[in-house]
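Trainee: For reference, the chains in residue letters:
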Amino acid sequence: MLDYITGYLKQDMTPGQAGNALWALIYILIIFAGVSLAVIAMNWLERKILAHMQVRLGPMRVGPHGLLQPIADAIKLLIKEDIIPDQADKLVFWLAPLVIVLAAFTTFIVIPFGPTHAVTDMNIGLLFMIGVASLGTLGVIMAGWASNSHYPLLGSLRSSAQMVSYEIAMGMAVVSAVLMTSLDTDTGTLSMIGIVRAQEAQHTWFIFKFFPLGLIAFFIFAVAMVAETNRAPFDLPEAESELTAGFHTEYSGFRWSLFFLAEYAAMIAVSSIAVTLWLGGWMRPFPHWLSGSLWDTAFSFVPALTFFFFAGLTFRTFLRMPKHPAFKIQKLGLGGFGAVLGLIGVVLLAPPVRDRIQDIYWFVFKVSAFMYLYIWYRGTFPRYRFDQLMHLGWKFMIPTGIAVLILTAALGLRF
Amino acid sequence: MNPVATPFFFYFLSGVAVISALMVITRRNAVHSAISLIFTLLSLAGLYLMLYAPFVAGVQIILYVGGIMVLFLFVIMLVNLDRAMLEEQFNKQWPAGILAALALGALFLAVYRKGIAIFPKSTVVLSEPSNTQDIGKMLYQQYLLPFEIASLLLLVAIVGAVVMAKRRI
Chain A
1 MLDYITGYLK
11 QDMTPGQAGN
21 ALWALIYILI
31 IFAGVSLAVI
41 AMNWLERKIL
51 AHMQVRLGPM
61 RVGPHGLLQP
71 IADAIKLLIK
81 EDIIPDQADK
91 LVFWLAPLVI
101 VLAAFTTFIV
111 IPFGPTHAVT
121 DMNIGLLFMI
131 GVASLGTLGV
141 IMAGWASNSH
151 YPLLGSLRSS
161 AQMVSYEIAM
171 GMAVVSAVLM
181 TSLDTDTGTL
191 SMIGIVRAQE
201 AQHTWFIFKF
211 FPLGLIAFFI
221 FAVAMVAETN
231 RAPFDLPEAE
241 SELTAGFHTE
251 YSGFRWSLFF
261 LAEYAAMIAV
271 SSIAVTLWLG
281 GWMRPFPHWL
291 SGSLWDTAFS
301 FVPALTFFFF
311 AGLTFRTFLR
321 MPKHPAFKIQ
331 KLGLGGFGAV
341 LGLIGVVLLA
351 PPVRDRIQDI
361 YWFVFKVSAF
371 MYLYIWYRGT
381 FPRYRFDQLM
391 HLGWKFMIPT
401 GIAVLILTAA
411 LGLRF
Chain B
1 MNPVATPFFF
11 YFLSGVAVIS
21 ALMVITRRNA
31 VHSAISLIFT
41 LLSLAGLYLM
51 LYAPFVAGVQ
61 IILYVGGIMV
71 LFLFVIMLVN
81 LDRAMLEEQF
91 NKQWPAGILA
101 ALALGALFLA
111 VYRKGIAIFP
121 KSTVVLSEPS
131 NTQDIGKMLY
141 QQYLLPFEIA
151 SLLLLVAIVG
161 AVVMAKRRI
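Chains as they are written, first to last, in the numbering used here: chain A, 1 to 415; chain B, 1 to 169.
Isolated chain A, as found in the complex (with noise of 0.2 Å):
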């Protein structure tokens, strides 16, 4: 069992190419069990950053800090009742959760964590998840329809219309990225997994290539990726003084906890593309400029020194803890929950862990990086108006988005 187990890491491919099927079957399972870890971290962090941003606490309540609080809420989502509104479509209300969440999660196959740790490695990965991204609006036009109420319809045709809109903004951005992993060989690769390999080759990040070029696609894509998932301060289209929670009002229990898992999900998988494509995919910083086994071994410390900067943080609010006997339950859930962390600092320590996680570490610090950064505008920037925001992403988006488009490809006929 053991040797079968290592003799398939020996191997170093992706089950894809291996044709391994009973493999592909486990990273699935892992990549799907990672992401609804990550929701429910995000779900935390969301409220916890939300409210430090505006001088408040947050939950404290649930657990330590509020640690158990997404706990909390997934049980009440899922006892919650069932509610179809009468007059809905019932086969189309049933179908559209389905959609958005299949559409979330089927791009998680070609996202590259590490040079061999994908699901598989498409040619035409990009394009695929591009693809089946837009998948996802067919099902928020479903759900808005199928729940026969006004507040719905119009909310999800606004929503669409955003996501479709800002769709061309992102594909403009995503192709001249492409443009650039053609410069060193003579042709290009829409394989995810090829292009964090141009960019190791041509020994850049494409958002430092051609300067400003790669910056302004970046930047684009930076926005439309947040339109598209309707998250502030593009969420018109749920915005609960407009709308009423737009699309997914009628939507009870574990329905709305569908599209709330979806919605998280396809965050993360657009981060992802962002990530491969502008940040150097799971590369650590400056792997050609500090290169040699010392700056390697430097580098592989840095995740368990992450995890025990959190620990230290933990144990620094474990001490703060005030001293009543009614917060001694808290407080041991603390400091368990700093040990844990600690814990798999250490883990993280041992050599032979230290030289397989450096990929998947940095591939993952660099999403988390973009999932603050969604926080962030959520409470720095006031909500577009929908004239507004369909003003920006045709006027401004894609005529910037075509002119980067031409200036690289200009630039990269030159040089």
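These aren't lab readings, by the way, just hints derived from the structure by calculation.
Some clues are possibly wrong.
[To be verified] Quick list of in silico lysine-lysine cross-link-like pairs, DSBU-like style, CA-CA up to 35 Å: (1) B:K137 with B:K121; (2) A:K90 with B:K92; (3) B:K166 with A:K395; (4) A:K395 with B:K137.
Once you've looked at the hints, dock chain B against the given chain A.
Mentor: Chain B in isolation, oriented as in the chain A frame:
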């Protein structure tokens, strides 16, 4: 990589395509028809994959399913369909329709029986890793003029749509 279980996937995808296409024309509810059309287009994308054309499959999903069907659903929802749904499902000329369909079927059968030589013996195995690059090269070297003419056609269509839809230019 070698293809796996080709007959099963072909019959499955073709079955889904045909059944969904039949559902498109028989559903009373326009949104149900649109959703069945989505399933037809997705199974076509699968068939393109079986023919070693991954790029066409990807573009089919992005443009047809993610773009054109969204447009269809928009129109269905924004146009008042209550009156349309109360009208007759099929018009009164179904004998002529069935006759025309049978004639077309007979034509297909005749072409298949008499002209079997024009069909290839087996699926052409294209090179999968360089599919997108090959399409790109052909579009820009051999078929450059048709490509540019098609782009111009799309531009004319966009300008025409904007001119017709705007209240004031």
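Trainee: A separate judgement is required for each hint: does it hold in the structure or not?
Mentor: Taking the hints in turn, this is what the structure says about them:
In summary, the hint linking K137 (chain B) to K121 (chain B) is supported, as the alpha carbons are separated by about 27 Å, within the 35 Å threshold. A threshold of 35 Å between alpha carbons decides the hint, and for K90 (chain A) with K92 (chain B) the separation of about 32 Å falls inside it, so the pair holds. Taking the CA atoms of K166 (chain B) and K395 (chain A), the gap is near 16 Å; set against the 35 Å cutoff, the hint holds. As the CA atoms of K395 (chain A) and K137 (chain B) are separated by approximately 32 Å, the hinted pair is consistent with the 35 Å bound.
The structure meets every hint from the earlier list without exception.
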